[in-house]
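Participant: This is what each chain is made of:
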Amino acid sequence: MSLASRLKRGGAPPLFPTHSKGGMPSIGDRLRSRFGSYGFLAPAAVLVTLFFFIPVVIILVLSFSDLDAANFGTLQWWLPENWSLDNYAKIFNNKFFPKILGNTAFYVVSTLTLFNFSSALIIALLTTHVERRTGFFFRVLWLLPRLTPSVIYIMMWQRIAARAPHGILNQLLVPLGIGTGGNLLQASPWPFVILVNGMIGASFGMVIFTSAIEAIPRDYMMASKVDGASTLQTIRYVILPAIKWPILFVITYQTLSLLTSFEQIMLLTDGGPGLYHTEVWALTAYHRALSNYFGNNQWGYGAAWAVILVIIGVIAASIYMRVFKFDELVEEPKIDLL
Amino acid sequence: MKVKLENLSKRWGKVVGADHINLDINDGEFVAFLGPSGCGKTTTLLMVAGIYKPTEGNIWFDNQVVNYMTPKDRNIGMVFQSYALYPHMNVFQNISYPLKLKKVPKNDMRERAQRVADMMGIGHLMDRRPAQLSGGQQQRVALGRALVKEPQLLLFDEPLSNLDARLRLSMRGEIKRLVIELGITAIYVTHDQVEAMTMADRIAVMKEGKLQAYDPPDELYDQPRTLFVAGFVGNPPMNFLEVEVSRKNGDYHAHREKFDAIVPTEQGEKTAGKGNVIMGIRPEDITISDEGVGGEIYVVEPLGRDDLVTVQIGEAIVHVLADPVLGLKMGQNVTLDFSTHKVQFFDPQTEKSLLWAE
Amino acid sequence: MTLRKRFGRAVPYVLLIITVLPVIVGYFWLILSSFSISTEGLRSTGFTLSNWSFLRGSPFGRGYPSIWKVTLNTFVVAIGMTIAVIVVSSLAGYALSRLNFPGRKSFLSLTLILHAFPSVTLLIGIYFVLRTLKLYNTVLGVGLVMIGFELPFGIWLMKGFFDNVSWDMERAAMIDGASRLRVWGEIILPTIKPGIAALAIFAFISGWNAWLIPKTFTIGAGQQATLSVYLENFRGDTVAVQWGAVTAVGLFQLIPVAIFFIFTQDLLLSIYAGGAKGGT
Ligand SMILES: Nc1ncnc2c1ncn2[C@@H]1O[C@H](COP(=O)(O)OP(=O)(O)O)[C@@H](O)[C@H]1O
Ligand SMILES: [Mg+2]
Numbered sequence: 001m002s003l004a005s006r007l008k009r010g011g012a013p014p015l016f017p018t019h020s021k022g023g024m025p026s027i028g029d030r031l032r033s034r035f036g037s038y039g040f041l042a043p044a045a046v047l048v049t050l051f052f053f054i055p056v057v058i059i060l061v062l063s064f065s066d067l068d069a070a071n072f073g074t075l076q077w078w079l080p081e082n083w084s085l086d087n088y089a090k091i092f093n094n095k096f097f098p099k100i101l102g103n104t105a106f107y108v109v110s111t112l113t114l115f116n117f118s119s120a121l122i123i124a125l126l127t128t129h130v131e132r133r134t135g136f137f138f139r140v141l142w143l144l145p146r147l148t149p150s151v152i153y154i155m156m157w158q159r160i161a162a163r164a165p166h167g168i169l170n171q172l173l174v175p176l177g178i179g180t181g182g183n184l185l186q187a188s189p190w191p192f193v194i195l196v197n198g199m200i201g202a203s204f205g206m207v208i209f210t211s212a213i214e215a216i217p218r219d220y221m222m223a224s225k226v227d228g229a230s231t232l233q234t235i236r237y238v239i240l241p242a243i244k245w246p247i248l249f250v251i252t253y254q255t256l257s258l259l260t261s262f263e264q265i266m267l268l269t270d271g272g273p274g275l276y277h278t279e280v281w282a283l284t285a286y287h288r289a290l291s292n293y294f295g296n297n298q299w300g301y302g303a304a305w306a307v308i309l310v311i312i313g314v315i316a317a318s319i320y321m322r323v324f325k326f327d328e329l330v331e332e333p334k335i336d337l338l
Numbered sequence: 001m002k003v004k005l006e007n008l009s010k011r012w013g014k015v016v017g018a019d020h021i022n023l024d025i026n027d028g029e030f031v032a033f034l035g036p037s038g039c040g041k042t043t044t045l046l047m048v049a050g051i052y053k054p055t056e057g058n059i060w061f062d063n064q065v066v067n068y069m070t071p072k073d074r075n076i077g078m079v080f081q082s083y084a085l086y087p088h089m090n091v092f093q094n095i096s097y098p099l100k101l102k103k104v105p106k107n108d109m110r111e112r113a114q115r116v117a118d119m120m121g122i123g124h125l126m127d128r129r130p131a132q133l134s135g136g137q138q139q140r141v142a143l144g145r146a147l148v149k150e151p152q153l154l155l156f157d158e159p160l161s162n163l164d165a166r167l168r169l170s171m172r173g174e175i176k177r178l179v180i181e182l183g184i185t186a187i188y189v190t191h192d193q194v195e196a197m198t199m200a201d202r203i204a205v206m207k208e209g210k211l212q213a214y215d216p217p218d219e220l221y222d223q224p225r226t227l228f229v230a231g232f233v234g235n236p237p238m239n240f241l242e243v244e245v246s247r248k249n250g251d252y253h254a255h256r257e258k259f260d261a262i263v264p265t266e267q268g269e270k271t272a273g274k275g276n277v278i279m280g281i282r283p284e285d286i287t288i289s290d291e292g293v294g295g296e297i298y299v300v301e302p303l304g305r306d307d308l309v310t311v312q313i314g315e316a317i318v319h320v321l322a323d324p325v326l327g328l329k330m331g332q333n334v335t336l337d338f339s340t341h342k343v344q345f346f347d348p349q350t351e352k353s354l355l356w357a358e
Numbered sequence: 001m002t003l004r005k006r007f008g009r010a011v012p013y014v015l016l017i018i019t020v021l022p023v024i025v026g027y028f029w030l031i032l033s034s035f036s037i038s039t040e041g042l043r044s045t046g047f048t049l050s051n052w053s054f055l056r057g058s059p060f061g062r063g064y065p066s067i068w069k070v071t072l073n074t075f076v077v078a079i080g081m082t083i084a085v086i087v088v089s090s091l092a093g094y095a096l097s098r099l100n101f102p103g104r105k106s107f108l109s110l111t112l113i114l115h116a117f118p119s120v121t122l123l124i125g126i127y128f129v130l131r132t133l134k135l136y137n138t139v140l141g142v143g144l145v146m147i148g149f150e151l152p153f154g155i156w157l158m159k160g161f162f163d164n165v166s167w168d169m170e171r172a173a174m175i176d177g178a179s180r181l182r183v184w185g186e187i188i189l190p191t192i193k194p195g196i197a198a199l200a201i202f203a204f205i206s207g208w209n210a211w212l213i214p215k216t217f218t219i220g221a222g223q224q225a226t227l228s229v230y231l232e233n234f235r236g237d238t239v240a241v242q243w244g245a246v247t248a249v250g251l252f253q254l255i256p257v258a259i260f261f262i263f264t265q266d267l268l269l270s271i272y273a274g275g276a277k278g279g280t
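Chains as they are written, first to last, in this note's numbering: chain D, 1 to 338; chain C, 1 to 358; chain Y, 1 to 280.
Worth flagging that the hints you see were computed from the coordinates, not collected in a lab.
A quick note: this is a predicted structure, and the numbers were derived from the prediction, not measured.
Any given hint could be a false lead.
[Claimed, not checked] Counterexamples of contact, computed for chain C against chain Y with all Cβ distances above 12 Å:
#, residue
1, S96
2, R110
3, D157
[Unchecked claim] As a list, the in silico DSS-like pairs of lysine-lysine whose alpha-carbon atoms are at most 30 Å apart:
#, chain 1, residue 1, chain 2, residue 2
4, C, K270, D, K334
5, C, K106, Y, K105
6, D, K334, C, K352
7, C, K210, C, K248
8, C, K270, C, K176
9, D, K334, C, K274
10, Y, K105, D, K325
11, Y, K105, C, K102
12, C, K106, C, K210
13, Y, K105, C, K100
14, C, K53, Y, K105
15, C, K274, C, K207
16, C, K14, C, K100
Just so it is clear, CB atoms sit at the ideal spot from N, CA and C, and this is done for glycine as well.
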């Protein structure tokens, strides 16, 4: 068909263009553009499915069963007829449930207020206040606890708290006649639990607050200084209002983070000393299901503890997404084909 | 290669990039897409390149519809405003990248890249990284990369807008010469009407995704088909006055408050009795003379060769290019002669020309 | 300058120093102890190099794997994890940033939710996944889990870097004749080297340091142990702790982290800020 004869058809799209390659996508092309994008995602999708989705389903199902080391292999925990809500009832009837709940609340609230929020903000304010290089130096130092292997980091703290004559704090306290020279971690574990986690947690807020403060236009700060505001007034009326979204973000995000973290506590006190002294919710789930400390691996019971945290986590995470509108950071692709 | 755009549209939801564009490009023709920023020039060009898929309509290369052809198979070369060089590759690697993808043998590749680089005057810079080159040199590398695979169609997207004024002038000439010499069909996108006027065989003027006019430069200038084209092409821009044309004693007159000018018969015949129309007249077509329409000079801006004189006539403002020897001063009263056969008239509703509309 | 003013100037510095004191003291003790027979507070009871003898043999006696075997395990996990995290996150990040496909928004939202998700609470479920896949108590299994946990951060970070790459460059490459996979590998990846470097450092450090996951999914200080797990076994208060040797091993483990830390602090801090904004 010639161009001329085709044009006579009055601009309607041609039904059979000369080369199908250009006129219509070939089946191969169509497949490629349909599934090619998913090829890029496939490895991530597999790993996410294996280690996020399936585990969520597993712990949910497990939490309805009473699978433990004793009936492992015989109990068909995946069958609905073996499901019940007993594990959840068991959690709330647990003699130590109020203690654990209280511990968790105390741990989250005090670490968050003292460190992950307040210290983070104070360090950010201080390090942006002093000379640039110095500020940078101190921020980098604050990053150290996060980068140090947790086992080593906890070792340092245990040594700081150890009994005389080895303990570093006792080296200071005993000559002053304070305390008995015993292991401070045994005597008062909570301050250490909070300090240990807080010194790691603070760097998250510190980094976010710092970049938010540095993003405040210099003019604002100058104007406030020219107006004769004191440093504290500048903070109160210029800086804090300017970084209220980062503050909200850090608080909400770190609440969830603290609620579910237990690695440092596990290394430092393992929930002790004694029964449940510093045991928090997430650690209980781990202990019940994955450590032999309490005799049996109570996978079903431990999973029930975890499921409650997962539910809180999913709800909180989806709320963050709404509030902070992260999904609006997507830009439409500016190339149509694959 | 001939190119034909047929009812070509691109939309993203409610956003319209290109709106039912129809145009033909002849083999070896140099066409400019001209229009203000955001009018859809790049969108149209990227559809021709195969980067965007048309929402509607067809793109023809010779007598083949290429809507679904990948950019790779279209055999085109493209130069971008940002040059879009690969920062981690040196000049040689940049220029030869299209050949490498075509699996051209090593020696052949080296020779062809060198030939193109020499042609662009950057043959001695082959080992440099883009970051070590000046803007003009980067532009040449980008051109070389577009040319090396001997494309059938060259696409330019505002290639000169990142260069300084002097370099822009010389590159303009060079690109024009190169394209004519190679005889390749070319589409050149620009928002700079001087570039379009000086380089292109035909100019497609666009506004809000729609094709406004598609004419050779002189026609575009002398016979603008829409109000938009008239106002967009030409610098300083055309003056527009709302007037009414009527016949008095055998002559046609355009009149409004404190304004009465004689209109050539040819234009008068087409506009008389149509109520309010928009009269368009270029600053260089208005002369300062002893008789005509009186007004007061609002400000005088010397442009070197001419003075740009702003004259207030009643409520209206008119720009006039005047000879500096006249020594016009602010506040002075002058009379302006509007009687030129180059005067244009437009319908205020449709904004189409009353003289040249098909 | 008045005394009051000078005092005011000094306050921020004093505060900063006091707050980081525990870290400095901790590190000081670690180094001191590794070269001491024993320590009392921050006082050494005598200098010795014998703590470092583990470099030649097993520090904690026979029956335990040699330090080199453990180091190799750790290194394999960390490097393997780094490479895998980079490849997988940059593929997925690229798709989320640049490709058009149904479900793109949902996948991105999902990445974000996972980002804020308490992944450690899933360890119980993962335990069963690994057992089913016969990967329990293997270096590979531990590695895969750690890769999975690192992905939300990695994908988000990579997506941010891809977002900033010029579209024109990608278009140019496609017109030059490259497929999308080639564009990714030959054009885009090389231009986001800083992002890859940053992710590599984070992934490596997190793999190198990891304790909880290797501890959970391997059995004790056996042949599959990584440095953190290995070290932790000799830290407990049941056996008489050989603090000198333990701290020396600890310092040994800290070496790569310290190297990264010293040479890439600017990058670390700025990237951490960039990544953290998406939450980490
Ligand atoms: N990928 C895209 N997604 C959504 N809208 C777009 C896209 N590309 C261009 N547009 C819109 O289409 C219109 C035309 O843009 P463009 O073709 O870039 O204009 P020009 O090149 O003439 O300056 C603009 O309103 C622009 O915002
Ligand atoms: Mg454009």
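Participant: Decide, hint by hint, whether the structure agrees.
Facilitator: Taking the hints in turn, this is what the structure says about them:
1. S96: Violated: least Cβ distance 10 Å, not greater than 12 Å.
2. R110: Its Cβ never comes within 12 Å of chain Y, the nearest being 17 Å, so this holds.
3. D157: D157/C not clear of chain Y: closest Cβ-Cβ about 8 Å, inside 12 Å.
4. K270/C / K334/D: violated, 47 Å
5. K106/C / K105/Y: This hinted pair is violated, its Cα atoms lying about 43 Å apart.
6. K334/D / K352/C: Distance of about 34 Å is beyond 30 Å: violated.
7. K210/C / K248/C: Violated. K210/C to K248/C sits at ~40 Å, over the 30 Å cutoff.
8. K270/C / K176/C: violated, 39 Å
9. K334/D / K274/C: Violated, at roughly 47 Å.
10. K105/Y / K325/D: Holds, because 12 Å separates the two Cα atoms, which is no more than 30 Å.
11. K105/Y / K102/C: Roughly 35 Å separates the two Cα atoms, so the pair is violated.
12. K106/C / K210/C: violated, 46 Å
13. K105/Y / K100/C: violated, 35 Å
14. K53/C / K105/Y: holds, 21 Å
15. K274/C / K207/C: holds, 26 Å
16. K14/C / K100/C: violated, 40 Å
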